[in-house]
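S.K.: With the sequences and hints as input, model every part of the structure.
One-letter residues, chain by chain:
There are 2 protein chains.
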Amino acid sequence: MARFCLSSHFLTALCAGLIFASSVGASSLAVYGGNQAKYVFLFVGDGLGMPQRAAATEYLKDSGLERRLVMESMPVHGVTTTQAADRFITGSAAAGTAMATGVKTNIGCIGVDANLRSVTTLAEKAKREGIKVGIISSVSIDHATPAAFYAHQPSRSMYHEIDHELAESEIDFFGGGGFKDPEGIKSKAPLGDAVEAAKTNGFTVVDSRRGIMGLKKGSGKVIAVNPRLPDGKAMPYDMDRDTNDVSLSEFTGKAVELLDGEQGFFIMVEGGKIDWACHANDAAAAIKDTLAFDDAVSVAVDFAKEHPDDTLVVVTGDHECGGLALGFSGTKYATSYSLMNNQTKSHQAFLDDIFATYLKKKGRFKGAMKLVETHFGLSTDAEGSLKLKPYEVDELKRAYKSSLKGETLKPGMADYMLYGSYDPFTMQLTHMLNRKAGLGWTTYSHTGVPVLTSAFGTGATLFSGYYDNTDIAKKISHIMNL
Amino acid sequence: MARFCLSSHFLTALCAGLIFASSVGASSLAVYGGNQAKYVFLFVGDGLGMPQRAAATEYLKDSGLERRLVMESMPVHGVTTTQAADRFITGSAAAGTAMATGVKTNIGCIGVDANLRSVTTLAEKAKREGIKVGIISSVSIDHATPAAFYAHQPSRSMYHEIDHELAESEIDFFGGGGFKDPEGIKSKAPLGDAVEAAKTNGFTVVDSRRGIMGLKKGSGKVIAVNPRLPDGKAMPYDMDRDTNDVSLSEFTGKAVELLDGEQGFFIMVEGGKIDWACHANDAAAAIKDTLAFDDAVSVAVDFAKEHPDDTLVVVTGDHECGGLALGFSGTKYATSYSLMNNQTKSHQAFLDDIFATYLKKKGRFKGAMKLVETHFGLSTDAEGSLKLKPYEVDELKRAYKSSLKGETLKPGMADYMLYGSYDPFTMQLTHMLNRKAGLGWTTYSHTGVPVLTSAFGTGATLFSGYYDNTDIAKKISHIMNL
Numbered sequence: 001m002a003r004f005c006l007s008s009h010f011l012t013a014l015c016a017g018l019i020f021a022s023s024v025g026a027s028s029l030a031v032y033g034g035n036q037a038k039y040v041f042l043f044v045g046d047g048l049g050m051p052q053r054a055a056a057t058e059y060l061k062d063s064g065l066e067r068r069l070v071m072e073s074m075p076v077h078g079v080t081t082t083q084a085a086d087r088f089i090t091g092s093a094a095a096g097t098a099m100a101t102g103v104k105t106n107i108g109c110i111g112v113d114a115n116l117r118s119v120t121t122l123a124e125k126a127k128r129e130g131i132k133v134g135i136i137s138s139v140s141i142d143h144a145t146p147a148a149f150y151a152h153q154p155s156r157s158m159y160h161e162i163d164h165e166l167a168e169s170e171i172d173f174f175g176g177g178g179f180k181d182p183e184g185i186k187s188k189a190p191l192g193d194a195v196e197a198a199k200t201n202g203f204t205v206v207d208s209r210r211g212i213m214g215l216k217k218g219s220g221k222v223i224a225v226n227p228r229l230p231d232g233k234a235m236p237y238d239m240d241r242d243t244n245d246v247s248l249s250e251f252t253g254k255a256v257e258l259l260d261g262e263q264g265f266f267i268m269v270e271g272g273k274i275d276w277a278c279h280a281n282d283a284a285a286a287i288k289d290t291l292a293f294d295d296a297v298s299v300a301v302d303f304a305k306e307h308p309d310d311t312l313v314v315v316t317g318d319h320e321c322g323g324l325a326l327g328f329s330g331t332k333y334a335t336s337y338s339l340m341n342n343q344t345k346s347h348q349a350f351l352d353d354i355f356a357t358y359l360k361k362k363g364r365f366k367g368a369m370k371l372v373e374t375h376f377g378l379s380t381d382a383e384g385s386l387k388l389k390p391y392e393v394d395e396l397k398r399a400y401k402s403s404l405k406g407e408t409l410k411p412g413m414a415d416y417m418l419y420g421s422y423d424p425f426t427m428q429l430t431h432m433l434n435r436k437a438g439l440g441w442t443t444y445s446h447t448g449v450p451v452l453t454s455a456f457g458t459g460a461t462l463f464s465g466y467y468d469n470t471d472i473a474k475k476i477s478h479i480m481n482l
Numbered sequence: 001m002a003r004f005c006l007s008s009h010f011l012t013a014l015c016a017g018l019i020f021a022s023s024v025g026a027s028s029l030a031v032y033g034g035n036q037a038k039y040v041f042l043f044v045g046d047g048l049g050m051p052q053r054a055a056a057t058e059y060l061k062d063s064g065l066e067r068r069l070v071m072e073s074m075p076v077h078g079v080t081t082t083q084a085a086d087r088f089i090t091g092s093a094a095a096g097t098a099m100a101t102g103v104k105t106n107i108g109c110i111g112v113d114a115n116l117r118s119v120t121t122l123a124e125k126a127k128r129e130g131i132k133v134g135i136i137s138s139v140s141i142d143h144a145t146p147a148a149f150y151a152h153q154p155s156r157s158m159y160h161e162i163d164h165e166l167a168e169s170e171i172d173f174f175g176g177g178g179f180k181d182p183e184g185i186k187s188k189a190p191l192g193d194a195v196e197a198a199k200t201n202g203f204t205v206v207d208s209r210r211g212i213m214g215l216k217k218g219s220g221k222v223i224a225v226n227p228r229l230p231d232g233k234a235m236p237y238d239m240d241r242d243t244n245d246v247s248l249s250e251f252t253g254k255a256v257e258l259l260d261g262e263q264g265f266f267i268m269v270e271g272g273k274i275d276w277a278c279h280a281n282d283a284a285a286a287i288k289d290t291l292a293f294d295d296a297v298s299v300a301v302d303f304a305k306e307h308p309d310d311t312l313v314v315v316t317g318d319h320e321c322g323g324l325a326l327g328f329s330g331t332k333y334a335t336s337y338s339l340m341n342n343q344t345k346s347h348q349a350f351l352d353d354i355f356a357t358y359l360k361k362k363g364r365f366k367g368a369m370k371l372v373e374t375h376f377g378l379s380t381d382a383e384g385s386l387k388l389k390p391y392e393v394d395e396l397k398r399a400y401k402s403s404l405k406g407e408t409l410k411p412g413m414a415d416y417m418l419y420g421s422y423d424p425f426t427m428q429l430t431h432m433l434n435r436k437a438g439l440g441w442t443t444y445s446h447t448g449v450p451v452l453t454s455a456f457g458t459g460a461t462l463f464s465g466y467y468d469n470t471d472i473a474k475k476i477s478h479i480m481n482l
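In order, the protein sequences belong to chains A and B.
By our numbering, the letter at position 52 of the first sequence is numbered 52, and the numbering carries on one by one without gaps.
By our numbering, the letter at position 481 of the second sequence is numbered 481, and the numbering carries on one by one without gaps.
Think of the hints as simulated: they come from the structure by calculation, not from any bench.
One or more hints might be untrue.
For chains that are exact copies, the list does not tell them apart, and a pair is met inside one copy or across any two.
[What the hints assert, rightly or not] Straight-line alpha carbon distances no greater than 20 Å define the calculated SDA-like cross-link-like pairs of lysine to any residue that follow:
| no. | residue 1 | residue 2 |
| --- | --- | --- |
| 1 | K389 | L418 |
| 2 | K104 | D62 |
| 3 | K61 | I107 |
| 4 | K332 | N106 |
| 5 | K332 | S421 |
| 6 | K410 | P308 |
| 7 | K370 | T357 |
| 8 | K397 | A414 |
| 9 | K387 | R117 |
| 10 | K401 | A368 |
| 11 | K387 | G33 |
| 12 | K186 | K361 |
| 13 | K305 | R87 |
| 14 | K132 | K221 |
| 15 | K104 | G412 |
| 16 | K305 | E257 |
M.R.: Okay, here's the thing in structure tokens:
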């Protein structure tokens with residue numbers, strides 16, 4: 001549990017900050033008369049809207065776990081709008097660029113404005129001032145959110161070019177997932193092996209748990225990659241993490257250990273797989289990844305408590321994902337989020353490690369139902385709400401047939417609303433368990449509802465109020481005097 | 001547009017207030033050293049979660065309307081949890097009691113704690129201090145939210161008993177909807193005509209627009225009832241309002257006019273039909289009622305600007321309703337909320353005034369589709385996304401057949417998830433228009449996501465942070481020195 005000790009400095013900053021927060025518009029930042037922050041953490045939960053935070057909170061309560069989310073315990077909370085320059089519902093590239101640079105841009109753009117002009121990021125400004133910088137993500141380190149802090153490309157899918165920008169950067173610490181296209185297989189004009197280029201540019205590349213946990217201060221620039229990258233060069237969902245993996249909080253702790261010093265630091269940590277779980281409407285995986293993200297926040301808050309006069313911790317989301325609602329028509333006013341403890345693996349691990357093999361053998365539906373019982377707790381013989389009703393078995397049969405067919409569903413097709421472009425049987429299972437728990441989803445995409453931003457420490461009060469995601473960069477920039 | 005002029009008093013209160021807001025727990029209220037507020041407004045949007053507010057905001061933008069919600073323009077915003085003592089997803093009675101008394105209670109309870117012991121409300125405390133009190137609601141004035149401020153009953157459905165508590169109260173102004181059971185038709189032990197009892201107790205009862213708008217200071221205790229009460233003794237949805245009706249902002253303005261004076265006032269205004277619209281998954285009606293609610297907030301903010309040293313305006317919701325999401329699977333990342341301008345009437349008025357008659361005649365589907373075109377803009381000949389695809393016509397046919405059957409659907413029945421307990425054809429229409437606009441719903445009930453609370457004026461900073469709905473009563477009580 002986080003406890004908050006308020007220094008008198010903090011209180012002064014608090015008042016000065018709130019005077020700003022009470023006026024409207026970022027121009028009033030000049031009114032802020034509080035301390036500068038030497039150590040700044042920006043946590044971005046990808047797909048982390050208020051529903052995701054609240055579902056995790058209620059899941060903990062319903063499971064009888066004595067834990068309150070650290071981000072929910074913070075003293076200051078604001079509401080952050082997320083729209084892109086060219087679309088109401090944003091994406092991670094435009095939202096990441098907004099938070100990294102303070103500039104609104106179009107969907108898909110990385111570190112460039114809506115006219116594709118390169119814009120300087122917080123990380124780059126920090127480096128110019130001699131401040132250490134760490135970039136961590138649970139998805140590939142060249143994915144839209146982390147890339148928005150160090151790369152400048154008209155399209156987020158230019159992974160190879162982004163990989164080379166990473167390699168050529170002066171960022172001190174990269175941690176989490178791997179590279180999506182280091183060799184330029186998908187590039188029209190390959191630039192050579194980006195990993196080799198990174199090494200040439202002074203980076204040490206480590207990809208074992210032992211190697212990562214053994215890193216010491218003075219290691220120089222580091223690229224620390226989790227040993228297992230099961231899907232899309234991302235770290236596993238936290239509910240699938242094993243003893244060889246490095247958790248998001250361990251990556252965060254290691255970054256703090258390596259970057260801590262008189263020169264200060266800026267560390268961005270992305271909980272990237274919250275979004276992936278929500279795209280797939282997998283509430284159990286989304287909740288567990290939100291908890292893992294909160295564990296990483298806890299590392300930062302612990303550091304802030306040791307450095308109370310000059311540390312700022314900001315936690316936000318880039319957008320909501322999935323249209324998650326904490327209520328479902330079939331269950332009306334009832335909820336039981338602890339039912340999700342019956343799910344043993346994420347939808348992805350269930351599909352990759354268990355169901356794909358069975359499907360390949362074209363196994364019978366009856367056998368598939370055994371897997372369902374083992375990995376989701378659902379069966380016709382189960383007790384209480386885990387018991388499958390005849391119409392639910394029919395729904396699973398229909399989905400199973402669709403999985404056997406193996407076609408990829410697209411918007412406009414009748415079954416797209418049921419399963420999105422995911423494996424139908426797996427999707428039906430997560431939907432079914434989620435609904436029994438009392439959770440509903442409306443989409444496989446992002447949504448436009450504003451997100452919550454929470455803050456703790458020096459300058460935290462600047463994050464009170466109702467503001468845009470571009471203001472996050474402006475506020476941090478101001479507090480760091482960049 | 002609201003503009004904010006900050007007095008130096010306000011800034012002092014702001015700082016003092018934020019020091020509280022930054023510590024955790026209501027016990028720190030004692031730290032608040034700002035002004036007392038003499039004039040306090042509490043606006044409760046029933047069913048008003050963050051999605052409802054954001055949908056209204058984006059609807060305005062998408063419709064090219066130059067207006068920002070006044071509540072969104074306020075300087076302070078907090079996150080408010082809503083759970084009842086005995087259930088995660090709350091109801092209006094438990095939530096209303098929490099906000100009116102500071103005490104958590106069970107679902108359905110009005111002004112009593114979880115052991116059914118009567119608890120004193122803010123309104124009652126204010127009266128004891130000689131402060132004027134006004135209670136306004138767009139639904140019946142004995143509905144759960146308003147009742148929680150003046151009545152004490154184990155069940156919200158004891159309307160007759162609640163009506164008599166209203167009649168016997170010393171509240172100065174009641175405005176909005178009517179009485180649900182003044183004569184005790186549904187009561188086992190009728191207490192006589194509550195309206196007559198109110199008159200005997202000194203209330204003037206007015207139910208014409210002319211009568212209400214003509215009320216002058218010194219009229220004594222008033223019960224002002226909108227002339228038209230089309231459903232459940234509630235005011236019409238704002239999109240169905242006509243020139244004989246009194247709007248929610250007019251009721252608010254009248255309360256201010258009558259109650260303004262040296263003794264101060266506490267005015268509670270409920271936007272009750274936002275909730276009803278969301279139960280019915282009618283986004284157009286929900287958005288228009290949210291705008292009407294915001295108009296009422298604007299009246300309060302204007303008053304606060306004239307009395308900047310001692311006025312507090314708080315805007316909150318009692319819970320989210322419908323699981324509204326600003327994105328839908330079928331439309332993916334696209335939204336077009338202005339499509340809802342094609343809906344001419346609320347679902348209720350369409351059903352009551354138009355469709356019920358047609359249905360009674362057992363008219364042909366083809367004729368029903370003419371009504372659809374006129375009142376929702378949807379047809380097979382329409383342009384763009386209003387054009388109905390063959391599968392959508394099939395969905396409407398299915399719903400029309402179900403409407404013809406006339407059975408009331410219940411949870412557990414296959415079609416309940418499609419239509420809830422509403423008229424199937426009308427529900428299919430609002431769902432269809434909402435989805436084309438890029439809005440999804442997950443339930444016909446409330447949900448458990450926290451709501452936003454916004455505040456302006458004296459003591460506003462106390463409403464920053466992350467707190468429970470019971471804290472709203474505690475904060476207001478403190479600021480009013482009750």
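S.K.: As a check of your reading, is K305 near E257 (CA-CA no more than 20 Å) within one copy, between copies, both or neither?
M.R.: within (15 Å within a copy, 51 Å between copies)
S.K.: Measure nothing new, just compare the shortest in-copy and cross-copy C-alpha distances for K332 and N106 to 20 Å and report within, between, both or neither.
M.R.: Classified as between; 17 Å across copies, 39 Å inside a copy.
S.K.: How would you classify K389 and L418 at a CA-CA limit of 20 Å: within, between, both, or neither?
M.R.: The answer is both: 18 Å in one copy and 18 Å across copies each meet 20 Å.
S.K.: How would you classify K186 and K361 at a CA-CA limit of 20 Å: within, between, both, or neither?
M.R.: neither (32 Å within a copy, 64 Å between copies)
S.K.: Within a copy, between copies, both or neither: which one fits K104 and D62 at a CA-CA cutoff of 20 Å?
M.R.: between (40 Å within a copy, 18 Å between copies)
S.K.: When no copy is specified for K104 and G412, does a C-alpha distance of 20 Å or less occur within a copy, between copies, both, or neither?
M.R.: For K104 and G412, neither the intra-copy (31 Å) nor the inter-copy (47 Å) Cα distance is at most 20 Å.
S.K.: First find the shortest C-alpha distance between K332 and S421 inside one copy, then the shortest across copies, and answer within, between, both or neither for a cut-off of 20 Å.
M.R.: between (28 Å within a copy, 12 Å between copies)
S.K.: Could you figure out if K387 and R117 sit no more than 20 Å apart (CA to CA) within one copy, between two copies, both or neither?
M.R.: So K387 and R117 fail the 20 Å test inside a copy (57 Å) and across (39 Å) alike.
S.K.: At most 20 Å between CA atoms: does that hold for K410 and P308 within a copy, between copies, both, or neither?
M.R.: neither (51 Å within a copy, 56 Å between copies)
S.K.: Please work out whether the CA atoms of K132 and K221 approach to 20 Å or closer within one copy, between two copies, in both situations, or in neither?
M.R.: Intra 10 Å, inter 67 Å, cutoff 20 Å: intra-copy only.
S.K.: Go through the copies and call it for K397 and A414: within, between, both or neither, with a Cα cutoff of 20 Å.
M.R.: both (17 Å within a copy, 17 Å between copies)
S.K.: Can you give me the call for K401 and A368, within, between, both or neither, at a CA distance of at most 20 Å?
M.R.: Answer is within; shortest intra-copy Cα gap is 11 Å, inter-copy 37 Å.
The structure shown violates the earlier hints numbered 6, 9, 11, 12, 13 and 15.
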